[in-house]
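Chains as they are written, first to last, in our numbering: chain A, 1 to 404; chain B, 1 to 404.
For the record, the hints were derived by calculation from the structure and aren't laboratory data.
Note that the Cβ used here is the ideal one computed from N, Cα and C, for glycine as well.
Zero decoy hints are in this set.
DEER-style ranges, computed between Cβ atoms:
{"no.": "1", "chain 1": "B", "residue 1": "Ala333", "chain 2": "A", "residue 2": "Ala141", "range": "41 to 49 Å"}
{"no.": "2", "chain 1": "B", "residue 1": "Arg367", "chain 2": "A", "residue 2": "Ser292", "range": "42 to 50 Å"}
{"no.": "3", "chain 1": "A", "residue 1": "Ser292", "chain 2": "B", "residue 2": "Ile53", "range": "17 to 25 Å"}
{"no.": "4", "chain 1": "B", "residue 1": "Pro44", "chain 2": "A", "residue 2": "Glu364", "range": "50 to 58 Å"}
{"no.": "5", "chain 1": "B", "residue 1": "Ser102", "chain 2": "A", "residue 2": "Ser292", "range": "36 to 44 Å"}
{"no.": "6", "chain 1": "A", "residue 1": "Gly72", "chain 2": "B", "residue 2": "Glu335", "range": "24 to 32 Å"}
{"no.": "7", "chain 1": "A", "residue 1": "Ile53", "chain 2": "B", "residue 2": "Asp42", "range": "53 to 61 Å"}
{"no.": "8", "chain 1": "B", "residue 1": "Ala106", "chain 2": "A", "residue 2": "Ile53", "range": "58 to 66 Å"}
{"no.": "9", "chain 1": "A", "residue 1": "Ala291", "chain 2": "B", "residue 2": "Tyr355", "range": "42 to 50 Å"}
{"no.": "10", "chain 1": "A", "residue 1": "Ile53", "chain 2": "B", "residue 2": "Ser102", "range": "49 to 57 Å"}
{"no.": "11", "chain 1": "B", "residue 1": "Pro160", "chain 2": "A", "residue 2": "Gly331", "range": "30 to 38 Å"}
{"no.": "12", "chain 1": "B", "residue 1": "Tyr355", "chain 2": "A", "residue 2": "Glu394", "range": "27 to 35 Å"}
Selected chain B positions facing chain A (Cβ under 7 Å, derived; list incomplete):
{"no.": "13", "residue": "Gly90"}
{"no.": "14", "residue": "Pro307"}
{"no.": "15", "residue": "Thr311"}
{"no.": "16", "residue": "Gly315"}
{"no.": "17", "residue": "Phe334"}
{"no.": "18", "residue": "Glu401"}
2 protein chains.
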Amino acid sequence: MTAQAGTTAAGGVATARGFRAAGISAGIKANRNPDLALIVSDVPATAAAVFTINKAQAAPVVVSKEHLEKSGGVVRAIVVNSGCANACTGEAGMTAAREMASATAALVGCAPEQVLVASTGVIGVGLPMDKIRSGLPQAFAALGSNQGPQAARAIMTTDPFPKEASAAVTIGAKTVTIGGMAKGSGMIEPMMATMLGFVTTDAAVAQPILRRALVEVVNDTFNAITVDGECSTNDTVMLLANGQSGVTIGEAEYAAFVAGLRAVCLELALGIVRGGEGATKLVTVTVSGAASPAEARKAAKAIANSPLVKTAIHGGDPNWGRLIAVAGRAGVAFEPQRAKVTIGSIVLFEHGRPYDDRAPQAAEYLRGTDLAVGVDLGAGSDASTVWTCDLSAEYVKINAEYRT
Amino acid sequence: MTAQAGTTAAGGVATARGFRAAGISAGIKANRNPDLALIVSDVPATAAAVFTINKAQAAPVVVSKEHLEKSGGVVRAIVVNSGCANACTGEAGMTAAREMASATAALVGCAPEQVLVASTGVIGVGLPMDKIRSGLPQAFAALGSNQGPQAARAIMTTDPFPKEASAAVTIGAKTVTIGGMAKGSGMIEPMMATMLGFVTTDAAVAQPILRRALVEVVNDTFNAITVDGECSTNDTVMLLANGQSGVTIGEAEYAAFVAGLRAVCLELALGIVRGGEGATKLVTVTVSGAASPAEARKAAKAIANSPLVKTAIHGGDPNWGRLIAVAGRAGVAFEPQRAKVTIGSIVLFEHGRPYDDRAPQAAEYLRGTDLAVGVDLGAGSDASTVWTCDLSAEYVKINAEYRT
Numbered sequence: 001m002t003a004q005a006g007t008t009a010a011g012g013v014a015t016a017r018g019f020r021a022a023g024i025s026a027g028i029k030a031n032r033n034p035d036l037a038l039i040v041s042d043v044p045a046t047a048a049a050v051f052t053i054n055k056a057q058a059a060p061v062v063v064s065k066e067h068l069e070k071s072g073g074v075v076r077a078i079v080v081n082s083g084c085a086n087a088c089t090g091e092a093g094m095t096a097a098r099e100m101a102s103a104t105a106a107l108v109g110c111a112p113e114q115v116l117v118a119s120t121g122v123i124g125v126g127l128p129m130d131k132i133r134s135g136l137p138q139a140f141a142a143l144g145s146n147q148g149p150q151a152a153r154a155i156m157t158t159d160p161f162p163k164e165a166s167a168a169v170t171i172g173a174k175t176v177t178i179g180g181m182a183k184g185s186g187m188i189e190p191m192m193a194t195m196l197g198f199v200t201t202d203a204a205v206a207q208p209i210l211r212r213a214l215v216e217v218v219n220d221t222f223n224a225i226t227v228d229g230e231c232s233t234n235d236t237v238m239l240l241a242n243g244q245s246g247v248t249i250g251e252a253e254y255a256a257f258v259a260g261l262r263a264v265c266l267e268l269a270l271g272i273v274r275g276g277e278g279a280t281k282l283v284t285v286t287v288s289g290a291a292s293p294a295e296a297r298k299a300a301k302a303i304a305n306s307p308l309v310k311t312a313i314h315g316g317d318p319n320w321g322r323l324i325a326v327a328g329r330a331g332v333a334f335e336p337q338r339a340k341v342t343i344g345s346i347v348l349f350e351h352g353r354p355y356d357d358r359a360p361q362a363a364e365y366l367r368g369t370d371l372a373v374g375v376d377l378g379a380g381s382d383a384s385t386v387w388t389c390d391l392s393a394e395y396v397k398i399n400a401e402y403r404t
Numbered sequence: 001m002t003a004q005a006g007t008t009a010a011g012g013v014a015t016a017r018g019f020r021a022a023g024i025s026a027g028i029k030a031n032r033n034p035d036l037a038l039i040v041s042d043v044p045a046t047a048a049a050v051f052t053i054n055k056a057q058a059a060p061v062v063v064s065k066e067h068l069e070k071s072g073g074v075v076r077a078i079v080v081n082s083g084c085a086n087a088c089t090g091e092a093g094m095t096a097a098r099e100m101a102s103a104t105a106a107l108v109g110c111a112p113e114q115v116l117v118a119s120t121g122v123i124g125v126g127l128p129m130d131k132i133r134s135g136l137p138q139a140f141a142a143l144g145s146n147q148g149p150q151a152a153r154a155i156m157t158t159d160p161f162p163k164e165a166s167a168a169v170t171i172g173a174k175t176v177t178i179g180g181m182a183k184g185s186g187m188i189e190p191m192m193a194t195m196l197g198f199v200t201t202d203a204a205v206a207q208p209i210l211r212r213a214l215v216e217v218v219n220d221t222f223n224a225i226t227v228d229g230e231c232s233t234n235d236t237v238m239l240l241a242n243g244q245s246g247v248t249i250g251e252a253e254y255a256a257f258v259a260g261l262r263a264v265c266l267e268l269a270l271g272i273v274r275g276g277e278g279a280t281k282l283v284t285v286t287v288s289g290a291a292s293p294a295e296a297r298k299a300a301k302a303i304a305n306s307p308l309v310k311t312a313i314h315g316g317d318p319n320w321g322r323l324i325a326v327a328g329r330a331g332v333a334f335e336p337q338r339a340k341v342t343i344g345s346i347v348l349f350e351h352g353r354p355y356d357d358r359a360p361q362a363a364e365y366l367r368g369t370d371l372a373v374g375v376d377l378g379a380g381s382d383a384s385t386v387w388t389c390d391l392s393a394e395y396v397k398i399n400a401e402y403r404t
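Whole structure, please, built from the sequences with the hints as guidance.
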């Protein structure tokens, strides 16, 4: 659970050997932007996935879980649409998600349960299956190992830019590639999963190891970000491993593989925050001096979701009192007299004393776009880091007008 | 714990017999708006109070708790300043809060512990005691039973309007008056208390009964509102009873007294929400069909604090899927197939089926300014109502620029 990770390179979900991707416009979005993505592995790939813990789970989440079980965790493809979440759509929605998988399976030439499904967009509106049906053959025809960028665009909703990342991990004399894409801009506070994230690797990884690696990495990356404290009905991260590099990941190779996977997932997760709805600043929130790791995370999440903290940072106001007020209400052990509050490296409160004379210096620091704030709770020795963005008037504008 | 309450009338914190109030400008606020308020009872009054449960408690909260204990719950006055919270100010802040009380006591002619203190404003800035010292005699000279409105203005920070309410309760042949004032606009999600609320009554009420009535009423009123999910370092509600009506409240009179107290507190609390930072709509959120009252409250609070719900309502977008998504992530028993979502009286989701064709009708309803949304969780028979406001770009503007 170390924080450092490997470095990432250009590349995306089709960068690992034996993967192809596509992204096309099927007409689900009224504005004709790309809205249908396909990821296909040339050979059966081991799959692991984490899903939303929201009790209102979208049809594609339910169907993907079923398919992972029925296929024994070996799949050939993932099909994703944006523009419609296919959530809270009853039996019709389940039928649509199943048909989306089976129509993809017919094109790829595999069993329906070897296809995973994901959707994102408005909740409670039926999936336009005629558009999916006519779009799928187009997407299949467009598949290519150079089409990752198109796929990354086709899964976007209010995202201002596509999120892609890849990493190369050297194991012995060989190289394993890990690449992925993600989307998400609002309704982001993953609890055990996240918005949509798709990662592929050409390593050969047995399902239990693949799942362990994914859960471990997601906890420090996708699950450590927040835009607005919301957890969607559709949150999903899927990881496919097709073995085409000829490298098998066992216990000896696990640490190197996880470092690469973490680098890719962290870059994708930070991309989601940087591209958060209305975001103008990326904020790293670190809570230290906590009585337990869980309390550190809880306080860091509370700060990262506080509208008063997020608006102050948006306005470049070094209103550090809001940080301490949130720590105080977070429901964790906290000793104000021993607490310490920092903005960047500037200490604004320590030993029960404010240093408001340093406010101008902190205000200057807050003009940047990549910021760090910290609260030491003075109650123990555990720490946690989460990433958030500022809250701008643009966030309100985007979400007040989403469907209009 | 009935929801209905008596009706309120014009009046405020000095309407009950034997109370006087004042509000003046002491120069704490740079803009010279009123910032120092005084409430004095002609005779010693029984006092009850609830305070923030934030672990970072402001100096005036600590001092008021001490004074309530030392005085045996019998006080003469309350002194309040706006423009500075006197929170996270260390020992200097404690000394300032104590001096604020003792200077008031010297004017009123009582023991220092018979004065309660409250402050509101920026956290982490020292209280300008010279201004308090020179302002207090002015406030004392201005005291009058017709000065409630001035006091209500002097406790405002970002509030767009003052909040006052009173109620008359007939008991036998006599009438008891209950009146109060409140302030609060941002950093509002009371947990066991609220922003600043001050209520006076000319009933005679023994301390245990007064405290029981206050706790019971605050739970359904001040503690059932939220503007932004924040809980301040200074939240306080104080209730003084001076007996000048000649009516004593015992068990027989308790229900009538509580109904009047609830009417006053509810009107003050809803005033806080209506005047929430950037608010343009008052939203009543009712969660029913919950497995327990605590789960009903938890889900209602989650909905009432959801930025996606609040922005959708701001934009008049009947995006009911966000209501169900929040209910799903609220950590309560919830059965999507049995759940029901309403906007006003329009059912948009029921029996696992969306009714998106009713969206235009719901959009029309959302053009109003006094709105209700409901989620039946389909998991039990308990319900809870909380009040919130919409989230506007103006909220961001206010909080990004608070100190600049």
